[in-house]
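Novice: Hey, can you work out the whole structure from these sequences and the hints?
Note that the protein sequences, when read in sequence, are chains F and U.
Each residue of the first sequence is one higher than the one before, counting from 1 in my numbering.
Each residue of the second sequence is one higher than the one before, counting from 1 in my numbering.
Just so you know, these hints were derived from the structure itself, not from any lab.
Hints may be right or wrong, so weigh each one.
What the hints assert, rightly or not - Subject to a maximum C-alpha distance of 30 Å in a straight line, what follows is the list of computed DSBU-like cross-link-like pairs (lysine-lysine):
| no. | chain 1 | residue 1 | chain 2 | residue 2 |
| --- | --- | --- | --- | --- |
| 1 | U | Lys579 | U | Lys659 |
| 2 | U | Lys311 | F | Lys109 |
| 3 | U | Lys673 | F | Lys109 |
| 4 | U | Lys518 | F | Lys48 |
| 5 | U | Lys712 | U | Lys673 |
| 6 | F | Lys48 | F | Lys109 |
| 7 | U | Lys717 | U | Lys696 |
| 8 | U | Lys275 | F | Lys48 |
| 9 | U | Lys518 | F | Lys109 |
| 10 | U | Lys115 | F | Lys142 |
| 11 | F | Lys142 | U | Lys712 |
| 12 | U | Lys452 | F | Lys142 |
| 13 | F | Lys45 | U | Lys673 |
| 14 | U | Lys588 | U | Lys518 |
| 15 | F | Lys142 | U | Lys696 |
This one's a predicted model, so the numbers in the text were calculated from it and none came from an experiment.
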Amino acid sequence: MREMESRMFEMESTAPRVQLNCIVNGEAVSAMVDPAMTLLNFLRKELKLFGTKEGCGEGECGACTVIMNGLAVNSCLVLAVEAGGARITTVEGLGAGGDLSILQREFMKHDALQCGFCTPGMLMSARALLDRNPDPTMEEVKEAIAGNLCRCTGYVPIVEAVLSAARLEREAGRS
Amino acid sequence: MMVDPYYRHVGRPEIRVDARDKVTGRALYVHDLELPGMLYARVLHSPHAHAEIVSIDKSAAEALPGVKAVLTGQELPYLLGLYMIDKPILARRKVRYQGESVAAVAAVDERTAEKALSLIRVEYRPLPAVLSVDEALEARVLVHEDINELDYVKGVFFPGPDSNIASWNRTIKGDLRKGFAAADLVVENELTLPQVAHVPLETHVAIAQADPYTDRVTIWTSTQSPFAVRNLVARAFGVSRRDITVMVPYVGGGFGGKAGIHLEPLAMVLSRACKGRPVKVQATREEEFNQLPVRAGMRGRVKTGVTKDGKITAMEIYFDWDGGAYADYGVNVGRAATYSGAGPYEIPNIELHSRTLYTNKVYSTAYRGFGHLETHWIVERQMDLVAQRLGMDPYEFRMKNILRDGSITISGERINAWSGRVDHCLEAVAREIGWTGYRSEAERQAAFQTGKARGKGIACLHKAPAMPTNTATAAIMQLDEEGNVRVLLGAVDMGQGVYTIMGQVAAEILDMPLEKVKVICESNTDANPYDWQTVASKYAFMGGNAVIRCAEDLLRQLKEVASRALHCPVEELTHGEEKIYHIQHRDKALTYRQLALGYAFGNGNAIGGPIIAHGHYIAEGLTNLDADGQGLPALDWTYGAHGVEIEIDVETGEIRVLKMASAFDVGKALNRKLCEGQIIGGAVQGLGSALVEGYKFTPDGRLLNPSFTDNKIPTAKDIPDQIVPILVENPQVDGPFGARGLGEHPMISVPSVVANAVYDALGINFYELPLSPERVALAIARHSDPANAGCNDPSNASAGRDNPDASGRHAASPRGETA
Ligand code: FES
Ligand code: FES
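Specialist: Shown next, in the form of structure tokens:
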């Protein structure tokens, strides 16, 4: 009996649901969401985009960084409903047409990752920086990723990868 | 980048094989796994450091819709442990640290589980807590009241009856009294360091699915130790290893904290309680700080006797580890200190005591360096402190005592010409930072006036893997019909790059393109060959040797078939470019591909069959340590040294590292880029321990900083202006291509080298970590106060005192103490 009750519980949701429309990695998404759900959980649990990671759930590590309307945000601190009408890019949206982006390739080339758990968030912070500032200084790169913790790499190769990607993107843009 | 022309793959800075998955977000970690019917667990923690559990009422939690199971220690009569069998899955009868797991809920989602936790009522009766090494040694309160009955690995660990000593390991070599009598100067100091967290970006997480009809269980876990998890789960629950499958996808950082066994047993009992539905137990960041184990705190007391010309005659060392509530790896960390705890120097007479103590704090485990960062904090500071007393350049003092060909270590091992060269490492970093000895007081004063004091420092290090004498590993290779090689290993790649390096080793021996060697990037204990566990910086060495032997076995099998197919003796066959060919008539050849699944002659007759090769490696020639810590515990020693130049803001006390040079005798770099990555990453992690990290507890034993807000780790803004990794390559003859381990070493001695540079800059010695701006600024203020002129950091005024040890016995009189 109890088993049946709780099975019913699993099927129906207790929380009220609200409509959410947004664009994720270029695709229109429309869903009913729990108003208390974070954008991070929406991406992972509802859209099954597991590239975005959770390292703390408290806005302190940057593993959950995505780009929302051009800005790098900690998706664990944003409610899904706040993303209504927004354009969101996650790590899954970085490559173009089955090809890696310059930034991703430079991360590989410079060995800017070890365990890789911080990598999606790092890439998104770096992407947001290069989108607004195609020619950053080393200090600006460090500043842009200062909210992204990495325990493995010591950051040096990440900074190098971002600077090198910036240079290559500028060259590609000119040609 | 320099590349060895002799090798096709080994040494080359190849891109890691897992890089593509990791930059596209396609790499899946246990954090990302969802299984059909999966339930989510949450855990209730003790608010007390030490308390009796009077009662637990879980009825309201159980009644909450969506809750599938609520467990407490009462239902779980299991004790776990690696060396001391001392830890329940959930606290039973009493709690031993604030943060200890008391009850667990599995529910349909995390929110429901969280809500259920709030409905559990626990009544505690607080007990006096053991919160320092001194309180632990006094033993007025026992953390484990049943210590005399606990099961443990006998002959290796030595718990003290009716005490808080989980193990007291020692090294006794030579004649201490004679050694001190021969000294012209005796220098005695006390240094300490706090608990520190590993901080893998992926917190601990495990999913278990227990078959309700049999003993079978499948566990997906973020671990460094799939086979150790299998082994320990089997032992704890009394089930067969046959019934346990451990799966490890990508691991988001380990650093020792994911060695051994952690959340897996809890996930398993919850799944059993939920009729076999998979249950995911995932630590929150707070639990990662406060429930899961840490690096132990430690107090080291060290006394060194030296002659006027700088030869060490004797050392007496007490390492007292603030090990927390359970022994876990802590006791083995303590044991490892007995054969390496005096640093890479020749010490003719020594007594070294390493006591792993139970305290009512979050318990300790392995952490990158396995105690060596801590022991080197004591001894590499001491080397400088002694040099200061001697009025000698600390470089010269180290060189006078450094281990060389023919030296005998403190455990009685003879170092030989192939053991690696710590002097080369020290030389290299000293050259790189332009070391010319301590600056003069006048130079210090002049710099101080500018507001920015500058200093340089040096420090050495050594470490060998701490592992059982019979540690083993194995590799399997299979060829497919295109002649690709699949390599199965027992190791876990948590970012250190082992799959990439093993692919390079295999491709080198087989002489084939790297793209055709596929190392399987997932561990499954039902499919992968055995490996003890991925710890101790031993896999490049041991796994590398196993992969070489495996590749040689593959070639041998190919040649056997080829010899029949080509009608020539095996002895006249050789290999290259994916072919087996005749040494003289090179057109008499068959490709790997032609032989991979068996060979068919023109008339259809077939010979051979699918080629599957294996190779294994077991540590050979190691011996157990005797009661005096004598024996051969070291598979290989990796030596290293750091040199730094720092700048200190004399107002704020902030230390900025201008340049850091770190040299390691790796024997042979198997992949230069990955080696450098280990060095840079480890150096920055070490700077965390040096400058910012450390646990803080309230007087009643609650952790004050269980979050990134108050327990910071270095960010991109905290890195040195320049890090220079230096790879010294004096080959280890029995290592793969001459290689030695490197994973842990870059962290060791980083705090020591920074503090040594702080002395050079300010003329102030520090004895406690971290060297936070507050601590440094305070010491500068006191130091420049004329009333304190000439004193060392007064916050450490206890250092150098004539300290009675635990038994109340006084160490010999400190003729040259520094306070
Ligand atoms: S998970 Fe969002 S900042 Fe850490
Ligand atoms: S690569 Fe592991 S945390 Fe950054």
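Novice: Would you mind marking each hint as holding or not holding in the structure?
Specialist: Do the hints match the structure? See the list:
For the hint linking U:Lys579 to U:Lys659, the alpha-carbon distance of about 49 Å lies beyond 30 Å, and the restraint is violated. A threshold of 30 Å between alpha carbons decides the hint, and for U:Lys311 with F:Lys109 the separation of about 48 Å lies outside it, so the pair is violated. The suggested pairing of U:Lys673 with F:Lys109 holds, with an alpha-carbon distance near 10 Å, which does not exceed 30 Å. Straight-line distance between C-alpha atoms of U:Lys518 and F:Lys48 comes to about 28 Å, which keeps the hinted pair within the 30 Å bound.
Restraint check: the Cα-Cα separation between U:Lys712 and U:Lys673 comes to about 28 Å, which is no more than 30 Å; the hinted pair holds. Of the pairs offered as hints, the one joining F:Lys48 and F:Lys109 holds, with about 28 Å between alpha carbons and a cut-off of 30 Å not exceeded. Of the pairs offered as hints, the one joining U:Lys717 and U:Lys696 holds, with about 24 Å between alpha carbons and a cut-off of 30 Å not exceeded. Pair hint U:Lys275 plus F:Lys48 holds up; C-alpha atoms about 27 Å apart against a cutoff of 30 Å.
Between the alpha carbons of U:Lys518 and F:Lys109 the distance comes to roughly 20 Å, so the proposed pair stays at or under 30 Å and holds. Straight-line distance between C-alpha atoms of U:Lys115 and F:Lys142 comes to about 40 Å, which puts the hinted pair past the 30 Å bound. At most 30 Å may separate the alpha-carbon atoms for a hinted pair to count; F:Lys142 and U:Lys712 meet this at roughly 17 Å. Distance check on the hinted pair: U:Lys452 and F:Lys142 sit about 23 Å apart at the alpha-carbon level, within 30 Å; holds.
For a cut-off of 30 Å, the pair hint linking F:Lys45 to U:Lys673 is broken: about 36 Å separates their Cα positions. Our distance criterion of 30 Å between C-alpha atoms is met by U:Lys588 and U:Lys518, whose separation comes to about 28 Å. Restraint check for F:Lys142 and U:Lys696: satisfied, since their Cα atoms lie roughly 29 Å apart, inside the 30 Å limit.
Checked against the numbered hints given earlier, this structure breaks hints 1, 2, 10, 13; the rest are met.
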